[in-house]
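Chain V is already provided as a structure; the job is to place chain E on it using the hints.
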Amino acid sequence: MIDLADTATPAAAIMNEPPYDELVLEARNVDFFYGKNQALFGVDLPVRRNAITALIGPSGCGKSTLLRVLNRIYALYPGQRAVGRVVLDGEDVLHEQRRLPWLRKRVSMVMETQTGADPIEEEQVLRVGTDLARLRARVGMVFQKPTPFPMSIYDNIAFGVRIYHRKSKAEMDEIVETALRRAALWDEVKDKLHSPGLGLSGGQQQRLCVARGIAVEPEVLLLDEPASALDPISTAKLEETLVELKKDFTVVIVTHNLQQAARIADYTGFMFLGRMIEFGPTNDLFLQPKSDKTRDYVTGRFG
Amino acid sequence: MLGRDFLRNLVNRLFITACLLATVAAITALVFILWSLVVQGIGGIDLDVFTKDTPPPGSEGGLLNAMVGSLMMCAMAMAIAIIVGILAGTWLAEYGGHTRYGAVVRFLNDVLLSAPSILVGLFVYELLVRPFEGFSGYAGAVALAFLATPIVTRTTEDILNLQSHALREAGIALGTPKWLVTRKIIWRAAGAGLLTGGLLGFARISGETAPLLFTALNNQFFSADMTKPMASLPAVIFQFALSAYDDWRRLAWAGALIIAVVVLSINIIVRFIAREKKHA
Numbered sequence: 001m002i003d004l005a006d007t008a009t010p011a012a013a014i015m016n017e018p019p020y021d022e023l024v025l026e027a028r029n030v031d032f033f034y035g036k037n038q039a040l041f042g043v044d045l046p047v048r049r050n051a052i053t054a055l056i057g058p059s060g061c062g063k064s065t066l067l068r069v070l071n072r073i074y075a076l077y078p079g080q081r082a083v084g085r086v087v088l089d090g091e092d093v094l095h096e097q098r099r100l101p102w103l104r105k106r107v108s109m110v111m112e113t114q115t116g117a118d119p120i121e122e123e124q125v126l127r128v129g130t131d132l133a134r135l136r137a138r139v140g141m142v143f144q145k146p147t148p149f150p151m152s153i154y155d156n157i158a159f160g161v162r163i164y165h166r167k168s169k170a171e172m173d174e175i176v177e178t179a180l181r182r183a184a185l186w187d188e189v190k191d192k193l194h195s196p197g198l199g200l201s202g203g204q205q206q207r208l209c210v211a212r213g214i215a216v217e218p219e220v221l222l223l224d225e226p227a228s229a230l231d232p233i234s235t236a237k238l239e240e241t242l243v244e245l246k247k248d249f250t251v252v253i254v255t256h257n258l259q260q261a262a263r264i265a266d267y268t269g270f271m272f273l274g275r276m277i278e279f280g281p282t283n284d285l286f287l288q289p290k291s292d293k294t295r296d297y298v299t300g301r302f303g
Numbered sequence: 001m002l003g004r005d006f007l008r009n010l011v012n013r014l015f016i017t018a019c020l021l022a023t024v025a026a027i028t029a030l031v032f033i034l035w036s037l038v039v040q041g042i043g044g045i046d047l048d049v050f051t052k053d054t055p056p057p058g059s060e061g062g063l064l065n066a067m068v069g070s071l072m073m074c075a076m077a078m079a080i081a082i083i084v085g086i087l088a089g090t091w092l093a094e095y096g097g098h099t100r101y102g103a104v105v106r107f108l109n110d111v112l113l114s115a116p117s118i119l120v121g122l123f124v125y126e127l128l129v130r131p132f133e134g135f136s137g138y139a140g141a142v143a144l145a146f147l148a149t150p151i152v153t154r155t156t157e158d159i160l161n162l163q164s165h166a167l168r169e170a171g172i173a174l175g176t177p178k179w180l181v182t183r184k185i186i187w188r189a190a191g192a193g194l195l196t197g198g199l200l201g202f203a204r205i206s207g208e209t210a211p212l213l214f215t216a217l218n219n220q221f222f223s224a225d226m227t228k229p230m231a232s233l234p235a236v237i238f239q240f241a242l243s244a245y246d247d248w249r250r251l252a253w254a255g256a257l258i259i260a261v262v263v264l265s266i267n268i269i270v271r272f273i274a275r276e277k278k279h280a
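Protein chains in written order, with the numbering used here: chain V, 1 to 303; chain E, 1 to 280.
Careful: at least some of the hints might be erroneous.
No more than 35 Å apart at the CA atoms, straight line, and that leaves these computed lysine-lysine pairs for DSBU-like [said to hold, decoys possible]:
| id | chain 1 | residue 1 | chain 2 | residue 2 |
| --- | --- | --- | --- | --- |
| 1 | E | K178 | V | K169 |
| 2 | V | K293 | V | K247 |
| 3 | V | K167 | V | K190 |
| 4 | V | K246 | V | K293 |
| 5 | V | K290 | V | K145 |
| 6 | V | K169 | E | K184 |
| 7 | E | K178 | V | K237 |
| 8 | V | K145 | E | K184 |
| 9 | E | K178 | V | K36 |
| 10 | V | K192 | V | K167 |
| 11 | E | K184 | V | K192 |
| 12 | E | K52 | V | K145 |
| 13 | E | K228 | V | K247 |
| 14 | E | K228 | V | K246 |
| 15 | E | K52 | V | K167 |
| 16 | V | K290 | V | K247 |
| 17 | E | K228 | V | K192 |
| 18 | V | K145 | V | K246 |
Which bits of chain E does chain V cover? Going by a derived footprint, with three or more residues having C-beta under 8 Å, they are [as the list claims (entries may be wrong)]:
| id | region |
| --- | --- |
| 19 | 179-189 |
| 20 | 246-259 |
If you're looking for bench data, these hints aren't it; they were derived computationally from the structure.
A quick note: this is a predicted structure, and the numbers were derived from the prediction, not measured.
By construction, the Cβ of each residue, glycine as well, lies at the ideal position given by its N, Cα and C atoms.
Excised from the complex, chain V in its bound form:
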């Protein structure tokens, strides 16, 4: 049994509601840098299992950046770095042991003697490794614009599965069907599974991306403004899909659309200028915001 008092973190302390479900993913005190520009300042984000967590805030406030820290997609770009902790199922996934750890250690020791040791940096270097690709398989991501791969609908979904599992044709057929059903796309595409994914409409493409993301059975699905390029009907369908997905997955969604957050999210975080201003159950955040900034934003006074 976990003792709740012991696991209470600053992030959890912001929470004013008791329903303390299991945290599947948690960001603790995360700073993020684009080169020399700091974009996140000590951000905490608890993500509860089988819930939808929404991130809202004006453009440039760091919501997407935070999302990109959670599966470390930022690591593709040299010059971007994160400091702090991201804990997935109790394991810190933000730091990995570098290749040639002994060399690193020496270099960092030399650096320390020259520049004065930074305890966090040191910890970072020595942290035990995480396989990045496997981490990303456990944390799925859907982007602002639909990104179907240049292949058939079927292969779009089978692609991610094939990387880690060898499946028979029948098993794969079933995985594809299940994923498409969960993403509420099956009825629309079941007769043209082998036609190109790029031939679908924007809304269908986005649900295809959701299906592709959940086919690998991730623990968390991250969505970065998934509905911003969609018309209202497609958006409504996508939202229904997300609410359905909550049963099996955990969803984190970045959105500019406050109504969308209010409609589907169980928890909402309001971010401003790289800080997490307020985090809590969606109703509380919208109806009884503790911070003036939050109130101004959710009532439409700025942003």
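For chain E alone, coordinates are given in the frame of chain V:
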């Protein structure tokens, strides 16, 4: 008094007229070249051109050995250029392009892109002809590959850079290793563009004479042996066009027309592929 609008209109018209004149000048030159090529070349084109080898002066003959030689050397050159060029372009676009070493590689590639082809010929002469004591089709193919590779490298890098970051990130976000994202997603998305690069490279080398003079030399007989000197269309045109014999000169015109038609067709195909891609 003349208004400001009048002046502005006048400058506008002058500028448009200047643009128009420049365009007309360029197109006139091109049409003139093509026209004389067709007029002079069409008379020389008959079945013999495609079925007989280059003749001694004063007898019947064609360009078969030259065409076969050109095709073989170009094919081999393209095989090298496509493998090296696509891998190098991919490295520049996906992996090392932002490093200092990447910048140096890109710069050198651009230098190679505009290197005088006769220098490439001399270089390969020193590299493959002198050490092996003989001109050969292989040396010719390597010289042509040196010319085509930078083109393929450049187009590959440009095309891959056009692919959206989101597509790469979507692949990575599924837990795909980066090399698989490149191979299975990015290359596939860029397929038409990569093909375009290859065709442009082919169009470039199919008319090259200078690099072949020092490497494959020429051969007045039919030979498909790439270890021996090999005939090629550009080299035969060069030799025949400078000769004093009317029948040789007629064959040279015919050869020039054939190359022009091939290059033109390739360019049109490239346009077509590029347009298909845009509509897809």
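Results for each hint:
The straight-line distance between the Cα atoms of K178 (chain E) and K169 (chain V) is roughly 26 Å, inside the 35 Å bound, and the hint therefore holds. For a cut-off of 35 Å, the pair hint linking K293 (chain V) to K247 (chain V) stands: about 33 Å separates their Cα positions. For the hint pairing K167 (chain V) with K190 (chain V), the CA-to-CA distance comes to about 20 Å; that is within 35 Å, so the pair holds. The straight-line distance between the Cα atoms of K246 (chain V) and K293 (chain V) is roughly 29 Å, inside the 35 Å bound, and the hint therefore holds.
A C-alpha spacing of about 34 Å is found between K290 (chain V) and K145 (chain V), which places the hinted pair at or below 35 Å, so the restraint holds. Distance restraint check for K169 (chain V) and K184 (chain E): the Cα-Cα separation of roughly 20 Å lies within the 35 Å cut-off, and the hinted pair is therefore satisfied. Taken as a hint, the K178 (chain E) and K237 (chain V) pair is honoured in the structure, with Cα atoms around 32 Å apart against an allowance of 35 Å. Distance hint between K145 (chain V) and K184 (chain E) is fulfilled; the C-alpha atoms sit about 20 Å from each other, no more than 35 Å.
Annotation: proposed proximity of K178 (chain E) to K36 (chain V) holds, straight-line Cα distance about 26 Å (limit 35 Å). Distance hint between K192 (chain V) and K167 (chain V) is fulfilled; the C-alpha atoms sit about 22 Å from each other, no more than 35 Å. Using a Cα cut-off of 35 Å, the hinted pair K184 (chain E) and K192 (chain V) holds, with the two alpha carbons roughly 22 Å apart. In summary, the hint linking K52 (chain E) to K145 (chain V) is not supported, as the alpha carbons are separated by about 59 Å, beyond the 35 Å threshold.
Restraint check for K228 (chain E) and K247 (chain V): not satisfied, since their Cα atoms lie roughly 73 Å apart, outside the 35 Å limit. About 71 Å separates the Cα atoms of K228 (chain E) and K246 (chain V), which puts this hinted pair outside 35 Å; it is violated. A distance of roughly 58 Å separates the Cα atoms of K52 (chain E) and K167 (chain V); the hinted pair therefore is violated under the 35 Å criterion. About 30 Å separates the Cα atoms of K290 (chain V) and K247 (chain V), which keeps this hinted pair within 35 Å; it holds.
For the given pair, K228 (chain E) sits about 55 Å from K192 (chain V) by alpha-carbon distance, which is inconsistent with the 35 Å threshold. As the CA atoms of K145 (chain V) and K246 (chain V) are separated by approximately 22 Å, the hinted pair is consistent with the 35 Å bound. Judged by the Cβ-Cβ criterion of 8 Å, the region 179-189 of chain E is covered by chain V as claimed, because 5 of its residues qualify and three suffice. Closer than 8 Å: that is the beta-carbon criterion, and the region 246-259 of chain E has 0 residues meeting it against chain V, so the requirement of 3 is violated.
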